[in-house]
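Listed in order, the protein sequences are those of chains A and B. In terms of the numbering used here, the first sequence opens at residue 29 and continues consecutively. In terms of the numbering used here, the second sequence opens at residue 262 and continues consecutively.
What the hints contain is simulated information worked out from the structure, not anything from laboratory work. Quick caveat: nothing in here was measured; it's all calculated off a predicted structure. Don't be surprised by glycine CBs; every beta carbon is placed ideally from N, CA and C. A portion of the hints provided could be inaccurate.
Within a straight-line C-alpha distance of at most 20 Å, the following computed SDA-like cross-link-like pairs (lysine to any residue) qualify [said to hold, decoys possible]: (1) A:K404 <-> B:R512; (2) A:K418 <-> B:Y510; (3) A:K404 <-> B:G263; (4) A:K418 <-> B:D497; (5) A:K404 <-> B:L505; (6) A:K404 <-> B:G515; (7) B:K352 <-> B:A379; (8) A:K418 <-> B:L495; (9) A:K404 <-> B:L516; (10) A:K404 <-> B:A508; (11) A:K418 <-> B:P418; (12) A:K404 <-> B:G492; (13) A:K161 <-> A:A132; (14) A:K418 <-> B:G515; (15) A:K161 <-> B:G515; (16) A:K418 <-> B:E479; (17) A:K404 <-> B:D509; (18) B:K352 <-> B:G263; (19) B:K352 <-> B:P418; (20) A:K404 <-> B:A506; (21) A:K418 <-> B:V496; (22) A:K161 <-> A:V88; (23) A:K418 <-> B:G492; (24) A:K404 <-> B:P418; (25) A:K404 <-> B:A513; (26) A:K404 <-> B:G408; (27) A:K418 <-> B:A379; (28) A:K404 <-> B:E514; (29) B:K447 <-> B:T337; (30) A:K404 <-> B:Y510; (31) A:K404 <-> B:L495; (32) A:K161 <-> A:A294.
With beta-carbon atoms standing in for the labels, derived distance ranges [claimed, not checked]: (33) A:R53 <-> B:R280: 55 to 63 Å; (34) B:A449 <-> A:E131: 54 to 62 Å; (35) A:A374 <-> B:P336: 49 to 57 Å; (36) A:G199 <-> B:R461: 35 to 43 Å.
If we take Cβ atoms under 8 Å as the criterion, some of the chain B residues that face chain A in the derived model are [said to hold, decoys possible]: (37) Q351; (38) N353; (39) R410; (40) P453.
In case you want the letters, here they are:
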Amino acid sequence: MPLRRRARRALQTPVAGRPLRRDPRAEREPGLAAAAHSAATGSAINVGPSGRLRRDPRAVVRQAGRSATGRLRIDRSGRAGTVSHDRGASEHVDAGPELICIEAPAFWIVVVPDYEGGRLSSHDRDVFGAARKLSDGAEGAVVAVVFEAGEDLGAAGADRVLCFDDAAFAGYAPDRRAAAIVAGAAALTPRHLLFPDTAVAGGDIGRRVAAMLADSPAANVHRLRADEAVSRADGDRADYLRAPSRVLLMAAECELPIGADRCCEARRLEPPAIEPSRTTITDRGLLPTNPGSVPLAEADFVISAGNGVTDWTAFHALAEVLGAAEGGSRVVCDAGLLPRERQVGASGTLIQARCYLAFGISGAPQHLQGIVRCEKVVAINTDLHAEMVKRGDLSAIKDAQAVMPALTRLLEVRVGGA
Amino acid sequence: MGLEITVLCSLGQHPGSGRPRCATADVRALALALQLGAEVSAVHVGDPESAALRDYLGQTAGRRSLECLDVIDVPTGRDIRPALIDYLRQKNPDVILAGTHAECGEGSGMLAYDLAAALGHALVANIDSLSVAADGSFELTQVLARGRRRALGVDGPLIATIGAGAAVRPVFAYARAVRGQIRRLKPAVECPLFVAPSIRPARARPKRLRAGSGNAAERLRAASETPAGQGRLLVDPSAEEAALAIADYLRAEGLWPPS
Ligand SMILES: Cc1cc2nc3c(=O)[nH]c(=O)nc-3n(C[C@H](O)[C@H](O)[C@H](O)COP(=O)(O)OP(=O)(O)OC[C@H]3O[C@@H](n4cnc5c(N)ncnc54)[C@H](O)[C@@H]3O)c2cc1C
Numbered sequence: 029m030p031l032r033r034r035a036r037r038a039l040q041t042p043v044a045g046r047p048l049r050r051d052p053r054a055e056r057e058p059g060l061a062a063a064a065h066s067a068a069t070g071s072a073i074n075v076g077p078s079g080r081l082r083r084d085p086r087a088v089v090r091q092a093g094r095s096a097t098g099r100l101r102i103d104r105s106g107r108a109g110t111v112s113h114d115r116g117a118s119e120h121v122d123a124g125p126e127l128i129c130i131e132a133p134a135f136w137i138v139v140v141p142d143y144e145g146g147r148l149s150s151h152d153r154d155v156f157g158a159a160r161k162l163s164d165g166a167e168g169a170v171v172a173v174v175f176e177a178g179e180d181l182g183a184a185g186a187d188r189v190l191c192f193d194d195a196a197f198a199g200y201a202p203d204r205r206a207a208a209i210v211a212g213a214a215a216l217t218p219r220h221l222l223f224p225d226t227a228v229a230g231g232d233i234g235r236r237v238a239a240m241l242a243d244s245p246a247a248n249v250h251r252l253r254a255d256e257a258v259s260r261a262d263g264d265r266a267d268y269l270r271a272p273s274r275v276l277l278m279a280a281e282c283e284l285p286i287g288a289d290r291c292c293e294a295r296r297l298e299p300p301a302i303e304p305s306r307t308t309i310t311d312r313g314l315l316p317t318n319p320g321s322v323p324l325a326e327a328d329f330v331i332s333a334g335n336g337v338t339d340w341t342a343f344h345a346l347a348e349v350l351g352a353a354e355g356g357s358r359v360v361c362d363a364g365l366l367p368r369e370r371q372v373g374a375s376g377t378l379i380q381a382r383c384y385l386a387f388g389i390s391g392a393p394q395h396l397q398g399i400v401r402c403e404k405v406v407a408i409n410t411d412l413h414a415e416m417v418k419r420g421d422l423s424a425i426k427d428a429q430a431v432m433p434a435l436t437r438l439l440e441v442r443v444g445g446a
Numbered sequence: 262m263g264l265e266i267t268v269l270c271s272l273g274q275h276p277g278s279g280r281p282r283c284a285t286a287d288v289r290a291l292a293l294a295l296q297l298g299a300e301v302s303a304v305h306v307g308d309p310e311s312a313a314l315r316d317y318l319g320q321t322a323g324r325r326s327l328e329c330l331d332v333i334d335v336p337t338g339r340d341i342r343p344a345l346i347d348y349l350r351q352k353n354p355d356v357i358l359a360g361t362h363a364e365c366g367e368g369s370g371m372l373a374y375d376l377a378a379a380l381g382h383a384l385v386a387n388i389d390s391l392s393v394a395a396d397g398s399f400e401l402t403q404v405l406a407r408g409r410r411r412a413l414g415v416d417g418p419l420i421a422t423i424g425a426g427a428a429v430r431p432v433f434a435y436a437r438a439v440r441g442q443i444r445r446l447k448p449a450v451e452c453p454l455f456v457a458p459s460i461r462p463a464r465a466r467p468k469r470l471r472a473g474s475g476n477a478a479e480r481l482r483a484a485s486e487t488p489a490g491q492g493r494l495l496v497d498p499s500a501e502e503a504a505l506a507i508a509d510y511l512r513a514e515g516l517w518p519p520s
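Using the sequences plus the hints, can you model the full thing?
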């Protein structure tokens, strides 16, 4: 009967003359301190005396908002701590992102984004996020090394920018880029160099840099902390754990990109003067690819037709002059107007084009699921209230049969006039 | 023509069953070399007894297959690079082909880069085709993201890597797999032991969710509703106006005029 015995003992009162009973709880000072802290700050989740997380139900109720009908609104997303539910308090004024300046960092972390065409991919932003995770809180700073001018790197999390904007680095020049990175890094002696592990950009250059520095890099890293890098290896069956190497090749979604509430200054550094190294590789430029032969999932620019398209010659002509891959909704593929492998959507292809041009598509959920990863959407539809129009970054309420030939004509005039 | 190609062959494993087999990317590299009509040799560093090595002998492309696979006998757990560098120095082929990543083990994709640094060869990643121009230089096409291809020219000795998605596909012939020879070689140099990394089985990585914020109703809306583009809306423009607006938009995206 251990339970009953404990209950009886709890009832015992200290007898005069005897030493007071020991209170094991009171002896756990850190726990009490944490409890006192929790009472002061009112945070709902704290560390208990044994080191486990404890949820304080009273604080949860205190922090919860109330709906118009007076019911409790408990937010379990974990973001509650940052949101003030203090009704009646003054509205928070949005002053834009907070600018972070680091003057004299304790160490440097170099990030080399792919930055293709001067644009940051989501993979690039993730790598910056991972670099900030290492530098924040340890007084480090992040240097971005890029080879062309473009998008603002401060918003992604770069404190400094080293831009080698020279024709020698244009196109496929991984040897020269690697040599420039090593030369640029020599002046800073960075703790780590981070690259997105992409096939012919970051992954290629990063491995060259590693070979030059005689480093064995951790590749396909999906978790990075100051003392540990975890790579997915062995054909995605195992995780290899090790101390972070100097060069790190980061997987996509390795870390969250920094929030929109922060911004770094991205101050320009003067790139060191370097002699472009001799190379035996010559870049002969991109090959013209037939957009019709590019699989829809890989296409960069997709023009898509729905039930609102009746003039198919105009559609095909426009796709050809634009050099875009053709796609369609399920309705047109069912009707045999486009082959099945051209269907965009949940039961077709999930595309990740940079730009999606939708003619006469209503935007059914199954269709929209196929284009969640498209960056920009242009919708042409006669229905102002179509979901596709809502999704569009540019929407025109107009007959598709009129707009398609107008675009083709515009293009022919430009090409002819140029 | 006298072009000599050496293909580096590693052991792979089936993604589902985990059975040993030849590595997909290396098979593609072998097929590319055979197709070219060059003098092809292939080398594996590891255990000559592995049954899966015979898979390489059975791969045919352009009606040709390997007659002999060189296997340098190095026990597992050792650094294979010294043995391989020594072998390639002796052999001195014009082109070395390898897969981008190994399918077993760490698969960091560093091997080709270490070899290129040691041998002083030019390296081109992720190629799709290879040919020899009239002046003896190499013409390559490189696979880029989103279905694009880049043409490259290379003078002098070359190491190229091939991805598992390359277009060349060999045909397997069982009789040739049985008939082919496996030649055992002893490593001429010392191969140091590798430091064993700490390994744990991979767990599925959580999918990244679109970060919803605010209360439950807002999060439900964010998860279930159409994400609205922050776009311009043109209500009943003339066809020319609409076309101009779209053209301007595409120009801002770098897609107009099309190349
Ligand atoms: C299990 C399941 C899976 C599905 N999977 C998919 C999928 O993978 N992909 C997919 O696309 N669908 C899929 N669907 C079908 C989907 O629900 C819709 O039926 C389909 O997407 C509608 O296609 P639509 O927009 O072309 O046609 P509609 O819904 O008929 O829309 C036509 C649009 O064109 C507009 N329009 C009409 N005339 C003109 C004009 N002259 N100029 C401009 N606009 C005009 C109309 O206003 C309307 O908005 C699936 C359905 C189910 C049940």
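Going down the list of hints, with the structure as the test:
1. A C-alpha spacing of about 13 Å is found between A:K404 and B:R512, which places the hinted pair at or below 20 Å, so the restraint holds.
2. Pair hint A:K418 plus B:Y510 holds up; C-alpha atoms about 17 Å apart against a cutoff of 20 Å.
3. For the hint linking A:K404 to B:G263, the alpha-carbon distance of about 51 Å lies beyond 20 Å, and the restraint is violated.
4. With a C-alpha separation of about 16 Å, the suggested pairing of A:K418 with B:D497 holds against the 20 Å cut-off.
5. In summary, the hint linking A:K404 to B:L505 is supported, as the alpha carbons are separated by about 17 Å, within the 20 Å threshold.
6. Pair hint A:K404 plus B:G515 holds up; C-alpha atoms about 12 Å apart against a cutoff of 20 Å.
7. The hinted pair formed by B:K352 and B:A379 meets the criterion: a straight-line CA distance of about 15 Å does not exceed 20 Å.
8. Note on A:K418 and B:L495: the hinted pairing holds, with a Cα-Cα distance of about 12 Å set against a maximum of 20 Å.
9. This hinted pair checks out: A:K404 and B:L516 have alpha carbons roughly 12 Å apart, not beyond 20 Å.
10. Proximity of A:K404 to B:A508 is assessed by CA-CA distance (about 14 Å); at most 20 Å being required, the pair is judged to hold.
11. Of the pairs offered as hints, the one joining A:K418 and B:P418 is violated, with about 56 Å between alpha carbons and a cut-off of 20 Å exceeded.
12. Under the criterion of a C-alpha separation no larger than 20 Å, the hint pairing A:K404 with B:G492 is consistent with the structure, at around 10 Å.
13. This hinted pair checks out: A:K161 and A:A132 have alpha carbons roughly 18 Å apart, not beyond 20 Å.
14. Restraint check for A:K418 and B:G515: the C-alpha separation of about 23 Å exceeds 20 Å, so the hint is violated.
15. For the given pair, A:K161 sits about 33 Å from B:G515 by alpha-carbon distance, which is inconsistent with the 20 Å threshold.
16. Between A:K418 and B:E479 the alpha-carbon distance is near 18 Å, which keeps this suggested pair within the 20 Å criterion.
17. The hinted pair formed by A:K404 and B:D509 meets the criterion: a straight-line CA distance of about 13 Å does not exceed 20 Å.
18. Distance restraint check for B:K352 and B:G263: the Cα-Cα separation of roughly 14 Å lies within the 20 Å cut-off, and the hinted pair is therefore satisfied.
19. Among the hinted pairs, B:K352 with B:P418 is consistent with the structure: their alpha-carbon atoms are about 13 Å apart, no more than 20 Å.
20. For the hint pairing A:K404 with B:A506, the CA-to-CA distance comes to about 14 Å; that is within 20 Å, so the pair holds.
21. Distance hint between A:K418 and B:V496 is fulfilled; the C-alpha atoms sit about 13 Å from each other, no more than 20 Å.
22. For the given pair, A:K161 sits about 29 Å from A:V88 by alpha-carbon distance, which is inconsistent with the 20 Å threshold.
23. Pair hint A:K418 plus B:G492 holds up; C-alpha atoms about 8 Å apart against a cutoff of 20 Å.
24. Between A:K404 and B:P418 the alpha-carbon distance is near 43 Å, which puts this suggested pair outside the 20 Å criterion.
25. Distance restraint check for A:K404 and B:A513: the Cα-Cα separation of roughly 11 Å lies within the 20 Å cut-off, and the hinted pair is therefore satisfied.
26. With a CA separation close to 19 Å, the supplied pair A:K404 and B:G408 stays within the 20 Å bound.
27. With a CA separation close to 57 Å, the supplied pair A:K418 and B:A379 exceeds the 20 Å bound.
28. With a C-alpha separation of about 9 Å, the suggested pair A:K404 and B:E514 falls inside the 20 Å cut-off, and the hint holds.
29. With a C-alpha separation of about 14 Å, the suggested pair B:K447 and B:T337 falls inside the 20 Å cut-off, and the hint holds.
30. Between A:K404 and B:Y510, the direct Cα distance comes to roughly 10 Å. Compliance with the 20 Å bound is thereby established for this hinted pair.
31. Distance restraint check for A:K404 and B:L495: the Cα-Cα separation of roughly 16 Å lies within the 20 Å cut-off, and the hinted pair is therefore satisfied.
32. Restraint check for A:K161 and A:A294: satisfied, since their Cα atoms lie roughly 17 Å apart, inside the 20 Å limit.
33. A beta carbon spacing of about 58 Å between A:R53 and B:R280 agrees with the range 55 to 63 Å that was offered as a hint.
34. Between B:A449 and A:E131 the beta carbon distance is about 56 Å. The supplied range of 54 to 62 Å therefore holds.
35. Checking the proposed 49 to 57 Å range against A:A374 and B:P336 shows it holds: the Cβ atoms sit about 50 Å from each other.
36. A C-beta distance of roughly 41 Å is found between A:G199 and B:R461, which places it inside the suggested range of 35 to 43 Å.
37. Taking 8 Å as the C-beta contact cut-off toward chain A, the hint placing B:Q351 at the interface is violated, the least distance being around 22 Å.
38. Look at B:N353: its Cβ only gets to about 17 Å from chain A, farther than 8 Å, so that hint breaks.
39. With 8 Å as the threshold, the beta carbon of B:R410 comes within range of chain A, its nearest partner Cβ sitting at about 4 Å, so the hint holds.
40. Against a cut-off of 8 Å between C-beta atoms, the interface hint on B:P453 is violated, since the closest Cβ of chain A lies about 13 Å away.
Of the numbered hints listed earlier, those contradicted by the structure are 3, 11, 14, 15, 22, 24, 27, 37, 38 and 40.
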